[in-house]
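**Q** The lines below spell out each chain.
Protein chains: 2
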Amino acid sequence: MQGTQQQTPPAAYTPTDRTVPTRSPERAAYDRELVHAILDEAYVCHLGFVRDGAPVVLPTLYGRVGETLYVHGSTGSRPLHMAGRTDPGLPVCLTVTHVDGLVLARSAFHHSINYRSVVVHGIAHQVTDPEEKRTALDALVDHVVPGRSADSRPANKKELAATSVIRLDLNEVSAKLRTGGVNDEPEDLALPHWAGVVPVGRSHGTPQPDAGLAPGTEVPGYLADL
Amino acid sequence: MQGTQQQTPPAAYTPTDRTVPTRSPERAAYDRELVHAILDEAYVCHLGFVRDGAPVVLPTLYGRVGETLYVHGSTGSRPLHMAGRTDPGLPVCLTVTHVDGLVLARSAFHHSINYRSVVVHGIAHQVTDPEEKRTALDALVDHVVPGRSADSRPANKKELAATSVIRLDLNEVSAKLRTGGVNDEPEDLALPHWAGVVPVGRSHGTPQPDAGLAPGTEVPGYLADL
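From first to last, the protein sequence lines stand for chains C and S.
For the first sequence, the UniProt record's numbering begins at 1 and goes up steadily by one.
For the second sequence, the UniProt record's numbering begins at 1 and goes up steadily by one.
Keep in mind the hints are simulated off the structure, nothing from the lab.
All C-beta atoms, glycine included, are put in the ideal place defined by N, C-alpha and C.
Do not take every clue at face value.
Stated by the list, open to error - FRET-style restraints, in silico, Cβ to Cβ:
no., chain 1, residue 1, chain 2, residue 2, range
1, C, Gly205, S, Ala29, 20 to 30 Å
2, S, Thr206, C, Leu226, 34 to 44 Å
3, C, Leu226, S, Leu34, 23 to 33 Å
4, C, Lys157, S, Pro9, 40 to 50 Å
5, S, Pro192, C, Thr22, 51 to 61 Å
6, C, Pro154, S, Pro154, 23 to 33 Å
7, S, Ala12, C, Glu41, 34 to 44 Å
8, S, Pro154, C, Gly147, 50 to 60 Å
9, C, Ala11, S, Ala29, 12 to 22 Å
10, S, Gly221, C, Ala214, 31 to 41 Å
11, C, Thr16, S, Ala224, 24 to 34 Å
Produce the complete structure using the sequences and hints provided.
**A** See below:
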């Protein structure tokens with residue numbers, strides 16, 4: 001690597017001991033674009049950390065900027081506070097999961113779900129650079145509704161001071177997927193039970209405007225793209 | 001408590017140090033029925049445990065029988081294996097989250113989501129009693145599709161031996177919820193940005209039958225209740 005020259009990241013993340021699953025390794029994937037797509041589609045992640053020797057898993061919003069994920073919260077929130085106090089950072093595991101289908105087999109044993117998940121291992125660090133913090137907060141808003149950060153009042157100094165942001169680089173990353181149909185045993189195929197896949201997805205209802213919108217304020221076009 | 005007399009559990013879980021959130025404690029709830037409802041509605045949980053001092057968070061299916069959650073997996077899967085090896089059990093944190101709405105405020109700072117989550121702290125133990133294991137596996141199938149376990153071939157001895165089940169009792173439990181509308185600052189109300197809530201829900205597609213269903217096998221009625 002020479003100076004500040006930008007490198008194109010390789011097409012896939014490098015597997016490590018803890019990103020190769022012990023079970024169903026054929027379902028694991030390391031493709032960078034696939035990982036990004038799974039991360040970008042979800043609204044919340046589940047962030048794991050260790051507190052007093054025990055695991056804690058909390059749902060939280062997140063944003064992505066290139067190869068970095070950002071999580072934000074109040075300066076008083078536990079993991080954000082811990083990431084700030086702990087040198088060199090807070091070990092975390094950040095997981096995102098989509099359920100795509102219910103797989104009903106003829107046998108109870110082969111019931112399953114179709115899903116796509118991403119697991120990120122790494123060390124979370126508090127963001128201290130003000131510019132990076134602003135970029136991260138925009139990414140967090142745009143993650144929920146793409147295009148929204150440009151159509152809202154940016155955080156002011158007081159709000160920025162009240163918000164902590166932690167960053168987690170995408171280095172030790174894996175996706176895991178199950179797709180497709182039913183895998184019953186050959187001897188079960190003649191059983192009289194219905195078998196197949198029930199697709200599961202996410203739906204968005206009609207936007208419900210806040211009372212007291214400024215006159216003439218219409219539902220923005222970017223909400224139609226959700 | 002007298003002998004084996006069945007006690008009616010109290011209407012709420014008792015808060016502990018780690019089930020009282022440091023932030024937004026007004027969003028926390030301990031009502032037992034509410035917790036059960038949140039748990040019963042989701043398909044996957046995120047199970048956290050500690051491995052070599054670092055957190056691991058994996059998505060997995062689960063079932064509930066009264067005040068006990070069950071998670072299953074291959075005998076080789078990491079947390080199940082660890083729960084079996086570790087005496088007295090494996091410390092875990094099991095979290096379930098529903099996203100119910102996107103909250104778009106006029107200010108970036110007040111963007112949020114409406115959600116319902118449950119966090120369970122405790123020690124997971126391997127289930128060794130064969131009867132409890134069968135009950136747990138039925139609960140796991142019925143959790144995904146209520147009524148399904150009675151309409152599929154039960155696990156045979158070989159399948160039971162290949163499956164590990166761990167149990168986690170509902171003792172140290174909390175729910176956390178955000179509901180309602182936008183909480184903008186009074187001075188932002190006249191801003192020209194649209195504000196409101198976009199409802200988010202889960203949708204089920206048309207069941208896709210497996211090739212080679214026994215002739216005359218129809219889509220079961222319980223799928224209509226999903």
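**Q** Determine for every hint whether it applies to the structure shown.
**A** Cross-check of the supplied hints:
Against the hinted window of 20 to 30 Å, the Cβ-Cβ separation of C/Gly205 and S/Ala29 comes to about 24 Å, which satisfies the hint. Taking 34 to 44 Å as the suggested C-beta distance range, the pair S/Thr206 and C/Leu226 does not conform, at roughly 22 Å. In this structure the hint that C/Leu226 and S/Leu34 lie 23 to 33 Å apart at CB holds, the actual value being about 28 Å. With their beta carbons about 49 Å apart, C/Lys157 and S/Pro9 fall inside the hinted range of 40 to 50 Å.
Taking 51 to 61 Å as the suggested C-beta distance range, the pair S/Pro192 and C/Thr22 conforms, at roughly 54 Å. At roughly 59 Å, the beta carbons of C/Pro154 and S/Pro154 sit outside the given window of 23 to 33 Å. Taking 34 to 44 Å as the suggested C-beta distance range, the pair S/Ala12 and C/Glu41 conforms, at roughly 36 Å. A hinted range of 50 to 60 Å for the beta carbons of S/Pro154 and C/Gly147 is consistent with their spacing of about 51 Å.
A beta carbon spacing of about 45 Å between C/Ala11 and S/Ala29 contradicts the range 12 to 22 Å that was offered as a hint. Between S/Gly221 and C/Ala214 the beta carbons are some 50 Å apart, a value that contradicts the proposed interval 31 to 41 Å. Our hint of 24 to 34 Å for C/Thr16 and S/Ala224 is violated, since their Cβ atoms are close to 45 Å apart.
Comparing the model with each numbered hint stated earlier shows that hints 2, 6, 9, 10 and 11 do not hold.
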